[in-house]
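Residue numbers (my numbering), protein chains in the order written: chain W, 364 to 824; chain D, 4 to 461.
Calculated directly from the structure, the hints in this document are not laboratory data.
None of these values were measured; they are calculated from a predicted model.
All residues carry an ideal CB built from backbone N, CA and C; glycine is no exception.
Treat the hints with care, as some may be off.
To be clear about the criterion: a stretch of chain D counts as covered by chain W if any three or more of its residues have a C-beta under 8 Å from a C-beta of chain W, and this derived list gives those stretches [to be verified]:
| hint | region |
| --- | --- |
| 1 | 22-28 |
| 2 | 45-56 |
| 3 | 74-85 |
| 4 | 186-196 |
| 5 | 263-274 |
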Amino acid sequence: MLSELTIQRILSAALQFSGDFAEVYIESTKSNSLSAINRRIENVSSGIDFGVGIRVMDGVRSVYVYANSTDETVLIQMAKDASASLQASARGTILPLGSIKRYATSAPIILPESRPDALKADLLRQACDIASQYDKRITQTGAGYSDLMRDIIIANSEGLYVSDHRVRTRFSVEAVATNGNEKQTGRHSPGAGKGLEFIDEMDLNFLATDAARMAVTMIEAKPCPSGRYPVVIGNAFGGVIFHEACGHALEATSVGIDASVFAGKIGCKIASDCVTAVDDPTIVHEWGSYAIDDEGVEPISNTLIENGLLKSYMIDRLGSRRMKMPSTGSGRRQNYRYCPTSRMSNTFIAAGKETPEQIISDTEHGIYASSMGGGSVDPATGEFNFSVNEAYLIQDGKVTVPLRGATLIGKGNEVLMTIDRVGNDLKLAQGVCGSISGHVPASIGQPTIRVSQMTVGGVDA
Amino acid sequence: MTEIDNNKHVEFIQRLINKSIDMGFKESEAYFEEDYSVGIQVLHGEVSSYESSQVNGVSFRGKIDAHMGYAHSESFTDDAIDFLLEKASANSKILEPEQPERIAAPAHEYPEINDYNEVLSELNYHDFESIVLNIEKSLLAFDARIKGVDHLSIGYGDSSCIIMNSKGLNCRNRSNMVSIYAGVRAVNQEVTKTGFALWVGRDLGKFDQNAFVAEAANDCLSKLGAVSVRSGKYDVVLAPRAATDLLSAFVGIFSADAIQKGFSLLDGKIGKRIASDVVTIVDEGICSQSYISNSFDSEGVPTQNKTIIRNGVLESVLHNMQSAEKEGVQSTGNGFRGGYKSSLSIWPTNFFVRPGSIADDSLIQSIENGIYITDLSGLHAGTNAISGDFSLLCEGFRIESGKINSPVDQITIAGNFYSVLENIAWVGNQLHFDPPSSSGSIGSPSLMLPQMPIAGEG
């Protein structure tokens with residue numbers, strides 16, 4: 364990538380005129396993806412991305428410049444321009460880099476590029492076949508494979524000099540069921556911080572069959588009623604409720620500028636007693652994990668809420684300066700084109716003691732959201748929305764008819780206080796989270812939980 | 004602000020195409036993009052963040068046997084040429100599309116556009132800085148309930164694109180644009196609301212700061228005191244911004260590729276009524292009302308101005324070369340890619356509902372008990388692009404006895420896009436366009452949807 368001498372020169376140039384901190388982020392990424400529709404391989408793509416991002420900070424002000432150039436003259440000029448545009452009086456000192464400390468988030472057993480694409484193509488066709496054979500109402504199928512191999516180097520004016528090697532692999536299968544003019548979809552898309560051993564370990568048959576089952580179930584579903592109901596939310600992707608409704612509002616990005624409902628609430632009760640929530644980037648091989656964050660900081664397993672009390676936020680370097688609290692190793696970015704900011708990694712509600720069956724049987728009349736879709740939130744107001752991919756009516760403590768078109772809405776701070784049951788079946792699910800520093804891999808999760816009252820938006824008014 | 008020298012990249016592209024022919028590619032094409040950008044964010048009276056970048060990349064696609072293989076690179080070395088050709092060759096062997104891809108021959112004529120403003124390119128950092136610093140001051144002074152301008156930024160972008168292929172096609176385009184965004188937070192009696200304004204343009208002389216500040220402030224202040232409504236069916240007016248968001252979420256159903264693969268319910272509907280007769284939708288490559296025009300698509304095919312729905316009847320859909328060849332028709336010039344990392348897809352150019360002639364105010368007068376929806380949230384999750392179903396969080400105002408009244412929040416609107424098209428009772432006369440993205444530029448006036456299910460209290 365770039366030599367140590369070049370990196371030193373860039374850092375010096377970055378503090379030439381002003382600034383108290385300078386950082387260089389160098390990235391090289393190789394990626395491959397294949398996708399199939401109705402068992403035909405329709406897209407195969409490969410690429411190499413390379414780029415350098417340079418950041419200069421002065422207190423809580425920052426300048427970020429980036430380019431995909433390896434030319435030292437270009438990069439040094441950019442660093443000088445960055446330093447000049449900051450217009451600060453203070454000039455920081457630069458500590459020597461020393462020897463590089465090498466990390467490896469992922470040490471894959473089977474490198475993605477070691478296996479020919481033709482075999483990956485076979486896997487996609489197999490997934491489409493399994494899904495389409497599930498039921499004659501399955502009219503379309505799709506499958507996708509993608510891998511990414513990324514090497515990064517981060518150096519800063521405080522003498523930090525580190526590298527990381529990251530490999531991620533993801534697979535997806537989708538099924539569409541048709542009934543007249545009605546179409547419904549089912550989908551699974553697991554991923555891991557692993558090489559091809561992830562593909563070998565996953566249960567292809569279950570994933571494809573279950574995507575088809577979901578589509579066929581939903582095509583038979585009745586329109587969801589609207590109104591206020593107790594809602595039992597299933598495990599794994601159900602954690603999107605916490606991710607959207609609370610997680611984003613616990614990021615320094617919003618807390619640090621006082622634009623979060625949870626700002627200034629450390630030690631306060633923000634959730635009901637049964638809620639403990641964690642952001643943990645240190646889970647080995649998990650999709651949202653990393654050995655160092657994108658600012659070179661080693662992350663911690665970060666307990667955000669413990670038995671209802673707010674314990675911690677997710678903090679990056681800038682947030683740390685704004686909030687006068689240490690970084691939690693939460694600085695992340697999609698790639699060199701983004702200045703890092705505080706982000707979630709693997710964020711979940713910790714397991715409780717009850718079985719999911721007990722929670723449902725104690726619910727007289729309500730909605731069971733067994734599989735969640737995505738959603739969004741306004742961190743300043745806490746207002747969130749998320750869609751339900753697979754929902755059922757609960758009548759007399761029993762899961763009965765499937766319901767479609769349901770959306771759950773509410774305010775994050777209110778819903779946290781109304782979680783009244785937490786199950787023992789914690790499971791994580793993999794997704795992609797978008798925010799100001801781009802799209803990053805993130806896992807979400809929870810056990811089965813119940814919210815005592817929630818607004819359900821359905822078609823059946 | 005910058006000089007972009009593309010000569011060395013043109014030379015690289017020529018070497019790439021020449022070498023591909025030597026290697027046995029029968030058809031080959033290079034798609035090059037270069038972006039220069041500057042962004043300034045302001046917080047608490049000072050520039051909190053400044054960003055600038057210059058990045059470029061190239062995508063190669065070539066046909067060595069039956070199929071077209073793709074690869075992309077952000078590096079422009081000789082090694083990159085070898086990587087692109089080897090990967091494209093290997094990738095082409097796995098592909099098995101139903102309809103083979105082809106590259107375009109140069110057209111006789113391309114529509115002329117000018118989306119590059121030299122004046123804008125000569126502005127400097129300080130010009131931009133003072134604009135946003137002034138906006139922050141004015142917003143905070145606008146009303147005591149405004150407690151913060153959490154997101155305030157100005158961005159400048161300059162994009163160039165070059166498409167060259169082995170059939171002699173050589174298309175070039177360059178455009179620039181400025182965008183100004185203000186996200187405002189207001190608090191009243193411990194209730195927080197947020198609002199925003201966005202301005203996009205190529206001539207800062209047309210930027211009206213007072214109007215912009217008032218728009219951002221009022222978007223936020225008018226929502227204070229919002230309450231939910233009783234669940235039930237209401238006559239709904241989607242304000243232009245909300246109507247545009249809904250249309251954007253479902254624009255994919257008009258893609259011929261989606262129709263051919265069964266991901267749209269518009270199969271066999273050309274010539275048939277799919278919308279109420281007040282609905283006319285067009286897709287215009289050259290459009291004076293939007294922010295951007297396209298002379299050619301990402302395959303180098305000239306764009307067109309065409310009617311998609313005329314008075315409720317589906318007249319045409321969007322094609323690229325591949326989908327057009329499958330049906331034995333001509334490409335409509337809608338073969339776009341999201342950038343050099345993406346493969347070829349189908350996207351609109353400027354896709355919008357034609358506004359009517361009667362002002363919204365007088366149309367709203369006939370609504371006894373309804374909801375005026377200004378914002379829809381969670382469109383990426385709460386919509387099913389295949390079935391057309393949607394269920395979305397929204398905000399807006401009550402309409403009572405023909406007048407827009409008190410604010411409403413914590414409600415959802417649910418429905419099906421195909422049914423919405425059929426039920427639109429009227430369209431307003433104020434056309435709004437969202438800023439262009441890689442998936443085209445979408446616009447709409449307000450739309451009146453009778454008796455829509457709204458979930459709120461009880």
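Hints versus structure:
1. 22-28: Violated, because only 0 residues of the region 22-28 of chain D bring their Cβ atoms closer than 8 Å to Cβ atoms of chain W.
2. 45-56: This one holds; 9 residues, not fewer than the three required, reach chain W with a Cβ under 8 Å.
3. 74-85: Satisfied; 6 residues make the cut.
4. 186-196: Holds, because 3 residues of the region 186-196 of chain D bring their Cβ atoms closer than 8 Å to Cβ atoms of chain W.
5. 263-274: This one holds; 4 residues, not fewer than the three required, reach chain W with a Cβ under 8 Å.
Of the numbered hints given earlier, the model fails hint 1 alone.
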